Structures are given as structure tokens and as C-alpha cells.
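Asks: Hey, can you work out the whole structure from these sequences and the hints?
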Amino acid sequence: MILTALFAAMTFALTFSVRIPMPSGGYIHLGDAMIYLSACILPFPYAIVSAGIGGALSDLAGGYAVYIIPTLIIKALNASVFTSKEEKILTLRNGLCSIASGAITVAAYYVVDVLMIALSGAADTSFLTEFFSAKNWIASAGASIPGNLIQAAGSAILFVVIGFALDKVHIKQKLPRLLKI
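So for the sequence shown, our numbering puts the first residue at 7; every next one is plus one.
Source of the hints: derived by calculation from the structure; they are not laboratory data. Only a predicted model underlies this, so the values are computations on that prediction, with no experimental measurement involved. Among these hints, one or two may not hold up.
[Claimed, not checked] Using 30 Å as the maximum straight-line C-alpha spacing, the simulated DSBU-like pairs for lysine-lysine come out as follows:
#	residue 1	residue 2
1	K178	K94
2	K174	K91
3	K91	K178
[Stated by the list, open to error] Distance windows between CB atoms, simulated:
#	residue 1	residue 2	range
4	A67	F133	28 to 36 Å
5	S132	F170	35 to 43 Å
6	K91	L125	37 to 45 Å
7	E93	V117	35 to 43 Å
8	P29	F138	20 to 28 Å
9	P182	K141	51 to 59 Å
The C-beta atom is built at its ideal place from N, Cα and C for all residues, glycine as well.
Replies: Right, here's the structure in full:
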């Protein structure tokens with residue numbers, strides 16, 4: 007539980023404090039690197055809790071409360087593709103999972119942004135009309151996809167660098183002894 011809270015705090019810190027604002031709204035951050043790392047170290051249920059809480063708290067503190075629920079779900083999904091059962095953090099599987107997790111981020115926030123546009127325009131027409139409007143899907147693509155691609159790539163690179171360093175000191179083998187478990 008302590009490591010879960012620690013990883014949630016590190017996810018929050020890297021998401022909230024290292025932000026690059028995007029002209030279309032929102033921001034690029036490196037918090038997903040901590041999500042990837044926590045998912046390679048913590049058992050599955052703890053990793054998804056840590057990921058969801060860390061990301062959602064950053065949205066709350068950063069003034070993006072409308073994204074709290076989507077972020078909670080998306081960041082939990084990001085963590086769900088990794089495995090902590092390997093001897094090392096950096097494995098071929100976890101490397102490929104950083105790509106899959108990035109794809110989840112890009113696709114899920116794209117759909118969420120279309121939903122937000124559809125909900126805001128639903129006062130004039132029906133929600134379904136707005137949701138299936140090609141204009142809204144195109145507008146959201148330009149606003150959402152580039153920033154999320156940059157964020158996913160940056161987080162994957164940081165994950166590899168930190169994972170490499172932690173594997174060099176054999177952190178996964180030392181954690182049980184350090185935590186006395």
C-alpha cells in the first residue's frame with residue numbers, strides 16, 4: 007500500500023509539475039512514465055489504483071475537473087497492459103506495452119474530446135447528431151492527437167531511461183528486502 011501511494015504521488019508530481027501547455031488546451035506531461043514504472047513493479051490491482059489516482063488528482067489540482075473520471079479510467083487502462091511478474095522492469099513485453107499504453111492514451115482522450123464537444127453542442131441539436139458529426143471528429147483530432155502522441159513518446163522514453171537505471175541496480179530483487187516483506 008505504501009508503494010501504491012508513493013507511485014500515485016510520483017505520477018501526480020510528474021503530471022502536475024512538468025507541464026507543457028498546448029495551444030488547443032490541455033498540456034503535455036511525463037506522468038505516464040511513472041504509470042508504466044509502477045505497473046512493472048506493483049501487482050496489478052495496486053498499479054491500476056496508483057495510476058488512476060495519480061492522474062485524476064493532477065486533473066483536480068490543475069483545473070481540469072471535467073477530465074477526472076475519464077483520466078481515472080484511462081490511466082488505469084494504461085497500467086493494465088504491463089506486467090510486474092518479470093525479473094526486470096525493461097523486458098520486450100513491457101517495452102511493447104509502452105507503445106500499447108500510448109495508443110490507449112491517444113485513442114481514449116480523442117474519443118473523450120469528441121464526447122465533450124458533442125455534449126457542449128447538444129443544446130442546439132441532439133447529442134447523437136453532434137457525436138457522429140464528422141466536423142467534431144476532425145476538430146478533435148487536430149486538438150487532441152498531436153499532443154497526446156508527444157506525451158506518450160516522451161513518457162515511453164523516460165520510462166526506458168528510468169527502467170534501465172533501476173534494472174542496473176536490481177531494484178526488483180531488492181524491494182522485498184528494503185520493504186521487509
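Asks: Given a hinted range of 20 to 28 Å, is it respected by the beta-carbon distance of P29 and F138?
Replies: Cβ of P29 to Cβ of F138: about 27 Å, so the range 20 to 28 Å holds.
Asks: Hint check: K178 vs K94, CA-CA at most 30 Å. Holds or violated?
Replies: The given pair, whose Cα atoms are some 7 Å apart, holds under the 30 Å limit.
Asks: Would the pair K174 and K91 pass a check requiring their Cα atoms to be no farther apart than 30 Å?
Replies: The hint holds at about 18 Å.
Asks: Holds or violated: the 37 to 45 Å window for the beta-carbon distance between K91 and L125?
Replies: 40 Å, holds
Asks: Check whether the Cα positions of K91 and K178 lie no farther apart than 30 Å.
Replies: 10 Å, holds
Asks: Taking the beta carbons of E93 and V117, is their distance inside 35 to 43 Å?
Replies: Given about 36 Å between the Cβ atoms, the range holds.
Asks: A67 and F133, beta-carbon distance inside 28 to 36 Å?
Replies: 30 Å, holds
Asks: That 51 to 59 Å hint for P182 and K141 (C-beta), does it hold up?
Replies: 55 Å, holds
Asks: A range of 35 to 43 Å was offered for this pair. Does it hold for the Cβ distance of S132 and F170?
Replies: Since S132 and F170 have Cβ atoms about 51 Å apart, the given range 35 to 43 Å is violated.
Hint check: a violation occurs at hint 5 only; the rest are consistent with the structure.
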